[in-house]
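Student: One letter stands for each residue in the lines below.
2 protein chains.
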Amino acid sequence: MKYLLSFLFITFFSLSLLAQKKSFTLDDVVNGGTNYRSFYPETLASLQWINDDTFSYLQDDTTLVCQSITGSKKKVLTLGELKELTSNYKGQKIPSHQWHNGDVLEFRLPQERLFYKVKDKTSWRITYPEGAANTDLNYAAGRLAYTMDNNLYYATSQEEKIAVSENENPHIINGQTVHRNEFGIHKGTFWSPNGDFLAFYSKDETMVEDYPLVDILARQAKVRMIKYPMAGMSSEEVKVGIYNVANGNTTYLDTGEPKDRYFTNIAWSPDNRFLYIAELNRGQDTMMFNCYNANSGQRIKTLFTETDEEYVEPQNPMVFLPSDPEKFIWQSRRSGYNHLYLYNTNGELIRQLSKGKWEVTSILGFDKADNRGSGKTKLKGLKEKHIYISATKKSHLERHAYAVSIDKEEMRCMTDNEGVHRPQLSPNGHYMLDTWSNTETPLKIDLIKTKEAMTQNLFTAGNPYDGYELGEMKLLEIPSADTSLLLTARMILPPDFDRKKKYPAIIYVYGGPHSQMINQGWLGGVRMWQHYMAQKGFVMFTLDNRGTSYRGADFEQVIHRELGKHEMEDQMKGYEYLTAHAFIDSTRIGVFGWSFGGFMTTSLMTHYPEAFKVGVAGGPVIDWSNYEVMYGERYMDSPADNPKGYSNTTVSHYAKDLKGRLLMIHGAQDPVVVWQHSQKFVRQCVKDGVPLDYFVYPTHEHNVRGQDRVHLMRKITQYFEDFL
Amino acid sequence: MKYLLSFLFITFFSLSLLAQKKSFTLDDVVNGGTNYRSFYPETLASLQWINDDTFSYLQDDTTLVCQSITGSKKKVLTLGELKELTSNYKGQKIPSHQWHNGDVLEFRLPQERLFYKVKDKTSWRITYPEGAANTDLNYAAGRLAYTMDNNLYYATSQEEKIAVSENENPHIINGQTVHRNEFGIHKGTFWSPNGDFLAFYSKDETMVEDYPLVDILARQAKVRMIKYPMAGMSSEEVKVGIYNVANGNTTYLDTGEPKDRYFTNIAWSPDNRFLYIAELNRGQDTMMFNCYNANSGQRIKTLFTETDEEYVEPQNPMVFLPSDPEKFIWQSRRSGYNHLYLYNTNGELIRQLSKGKWEVTSILGFDKADNRGSGKTKLKGLKEKHIYISATKKSHLERHAYAVSIDKEEMRCMTDNEGVHRPQLSPNGHYMLDTWSNTETPLKIDLIKTKEAMTQNLFTAGNPYDGYELGEMKLLEIPSADTSLLLTARMILPPDFDRKKKYPAIIYVYGGPHSQMINQGWLGGVRMWQHYMAQKGFVMFTLDNRGTSYRGADFEQVIHRELGKHEMEDQMKGYEYLTAHAFIDSTRIGVFGWSFGGFMTTSLMTHYPEAFKVGVAGGPVIDWSNYEVMYGERYMDSPADNPKGYSNTTVSHYAKDLKGRLLMIHGAQDPVVVWQHSQKFVRQCVKDGVPLDYFVYPTHEHNVRGQDRVHLMRKITQYFEDFL
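Read top to bottom, the protein sequences are chains A and B.
Heads up, the first sequence is in our numbering, so the first residue is 306 and it goes up one at a time.
Heads up, the second sequence is in our numbering, so the first residue is 306 and it goes up one at a time.
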């Protein structure tokens, strides 16, 4: 009898456990936590087009499958087969790969690019030395560019190392990204289409001040100097070299004076003869779109110039029409929103392809010239009929695919379902593989026939949070401080929300340009830590203030010369909205942000000391004169030109006003927002007799990544639990 | 009627306020706080002997008064008169000064030594350039040595700058202290008695590793490298030069190999012909007391050698008997306690002057040869009868003055009152000015006639804490962990202590060698912040564990090769004693310490994670292999010789065991316990997923000084209030 009771009791207890929804641990919700990835929605991994009719993806991570648009599938390669081709890969899943010419698979392996021709099962490889980085393949020519230390090389299937540059000055860096990755720059090498020429950035940092990073893991702490040009100070000088494979000579483009400019969005002409560069002055208010002769290095012409009172920010290279090497698409925000402009290579605007109070977010591709094309285009000889884009036309919170007519004012949406679509266009433009989500849909993949906009579902992911206690998420609209428009905000309520109770709330803020914290995709763009905090009884709130992305130039550029000012005004509109709710305890409002969000957090805590009880500011900018030239001067001009703006935005000037509990956190190796920022704020608090809390992650850079991020988020959680 | 009531009420309220004792603010109790100095007991400022019968002191800071031993007083100089002598002094009180030859006053002013002959009111000066440091005067010769950057100079009343050394290598440093101020070294220049020769240290740091300190107040953070030799690594090489004023030549002593040794306790022979040096091997277990010819630099002889299994630590230069240039006093702990040994210059021990289980803490002086001297000394020709010392004979918690017979085993105490005496002996040894205090007596100054030990009170300070609420302080004795003896501890109870209540307690710990936290002087040696915390309801507790000072070699040297081990055992005896009290809430015990005390705090928190709820560790040593050679290797040997000891004492190895809340604090410019220490602990906590709190004082060195110290102590106070 005793046993039976125990048994019954245990059974009942287990059942009730099963029925009860689960709470998160930090390892579930923090990127870097042991369980974080298990909440990624399932998908067709490595999905990509092979040719006009077929695409491929991974099955169980170990089998590469191709599937025709009609649905027939076959295995292309297994992990085992791949490992027979090379002894150089130890991974447990088929690695990163790409198709070429519809039949050749390229795998990126350590010190090796492996090529596998599916039809005849032959393979070949290009190998390169250990320590190489920034690899860049021209498949047609079979040449792989890479950098070692500060120099540039390339390899072929015959040779491992051919020097493009042999510079002994370690502060002249060839073949790497420049201008601190601003202006859409993310690489330093640019093969001509046929691979006969290699254009590359050559960056001279000799004149740039050093910033010291201290490695405390050494036997005795050691300094590592990085080059860090601060606003108003000497910046790097960039040249563009063109290496001629045939004769081994390098020609540097004759870009003239002043040297202290930005050379952005490099593109080759389809005929390998010309190089196009969007050149920006240091003041960032004038962009000249220039064409250079790749052989001589001479400037041929300026196609057009863009100017702006605040700043011009070219971010996308020109895209030539596949059928016409004399015509290209240029993206510009000159109308107030990012749109497409069709130009010819004389620099004549043919027509503006898209317009309206919304933005093009990317170009997906074109119709391919084929017998389906009408041929009846007004643009004589042009075989493309449409350019396919991703855009915010329906809503700035959504991304949809559109077919935009090249010759007439017409555009058509390809994607029905509300949400965020990430479509991949087939080579001929007849199909899209559309991976999408919305707040109700974790992930779906549809095959869309572009002409008819017919949709067929290929894959539907389950909800990875089934069985977990998630609080209600609301997307909201709140008037901006200048009442010009409605800002987007997001509120997450505790799972057991009771409107009659009073809850503390935490505002998570970023607020800087090039950001959007809220969208209509899965989870509304939220990071799951917010749901974790909601489970702990905090209402979580976020608002995208003016200055953030996808809402046009005016919305963004209002921040110019005084960062934080309008951003804070908008955040306080969110604050007012939030604290107007009866279920919010307005004496217990916290705020948390990192980087620009750390700047915002510290600014909010000091400008509105009565509003916020607790704040956590990570990697914060404290003084924009200690931030870098490219980003900093775009938004703030130089300290000499804008002393008042710099002074007004230096957060340490307001340290004396701080009243709430503020935890400041920094990575000691931060090369982006250097450690000087938060230490200056600490110093000022000490001088002003103001209490402050602080933490440092000694080995981390601008973000605390990996498993250590769990430590960070535990610290932040604890801080709000202790003091909010 | 209404007015009258108000008046009565106000009066009553004011009276009750007056009756109520005051509580402290942090500005009262923190060194650096605006009100801290107002609690210094009053005294006769700048008290010193002028000649055998007269002493001087400051009246109201602005008038220098001399007073004969019979009590008659007269003004010597006013601040106004001093300012008429020089335009170079802006201070509000008579500055630091010293008497010479009974009639000449020397004032230390900026870039100037001003001399003033009282009798004929004449004055003269020696000036020296701005930026000079380490000034060292030979009054007889009228020469003032000083350093500029890394070189050595001297000035006279005629010349401002005569170069002794002109070294261009910035890592060879002349005339400054060496060996990181260990072995009693605190300066780098040593005039011969007649001023014809200047002996000086020359330190070559070329081979010492740099440690980077980062200045974040610069426009862009800048590195300042300091030389920091870590245990087991290459150390500085020190030479001793002798500069001959007559010919401008410098002879370097031929100290031979190995160069990596310690040259300590330099002393001149009275006849200006010989230099004596206590030379210690890098292992610090063998000291050779050597004599060098000052002219040739050749070693004449080794007078004697001291060895010790743990370490030898000479800290006091020889002292010659005034009447006999062939005899000197040597202080040594060779008997287990620091005592006096009379030697002749052949290196023969004449006799041990003092002995017993107590220590000589300083030599005050001698009887002067005069007609009072008996002349009947056994030591033929010797005119001194007594040497006067300060010692711990009565108790290691007290300091008393003793007359020790030079020729027979006899010593006599000069000071009656229990407590800590700081006597100044008159030139002829007939009188003492005895400034003393005990736990009941803030400060008294007595004039003592040494022959009769007769005492006359000159000054009695009032209690600066009258009207303030001070909790009861108890000095306690607690058996050491090895039960070999009784350790001293101190407990401070809250002012409104109620035995029936439960109190949280904070253990303040230092625990390292060369320290004594508790004595029988005023306030028992406590820092007033402890009384501040007692007012907030914390019981404050401190214990001097084995390893601390004034209790002999065994008591100290038990720590050898495993710092912290026995120290912690003893501290835990204190913990047991403390928590055995019914009025102590043993679940709420905190611990706080700085430097070695930060090491102890972190060690205690990690070794006894269940014992301590909250800790604050400032400037902590975390890994002795990151500490400097001189101090570190004395107690730990080198990492190669003692890998287990180093490993056992590396606190980050125990980071994973930390359970309580620990706040670690560091000065970013700390050149003593470099910042690497605490950052390594932070790094390990992050790796181990262990919560930790941290704070940094960006511009501070090993201690947070000045007004900023109030910020520090507020932070520490807040931490205990938040979490204990």
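Calculated from the structure, these hints are not laboratory results.
Fair warning: there could be bad hints in the mix.
Where chains are identical, the list cannot tell them apart; a pair therefore holds if satisfied intra-copy or between any two copies.
27 angstroms max Cα-Cα, derived DSSO-like pairs, lysine-lysine [unchecked claim]:
no.: 1; residue 1: K660; residue 2: K713
no.: 2; residue 1: K606; residue 2: K961
no.: 3; residue 1: K961; residue 2: K1020
no.: 4; residue 1: K527; residue 2: K992
no.: 5; residue 1: K807; residue 2: K422
no.: 6; residue 1: K398; residue 2: K749
Student: Mind listing which of the numbered hints don't hold for this structure, in increasing order?
Tutor: 2 and 5
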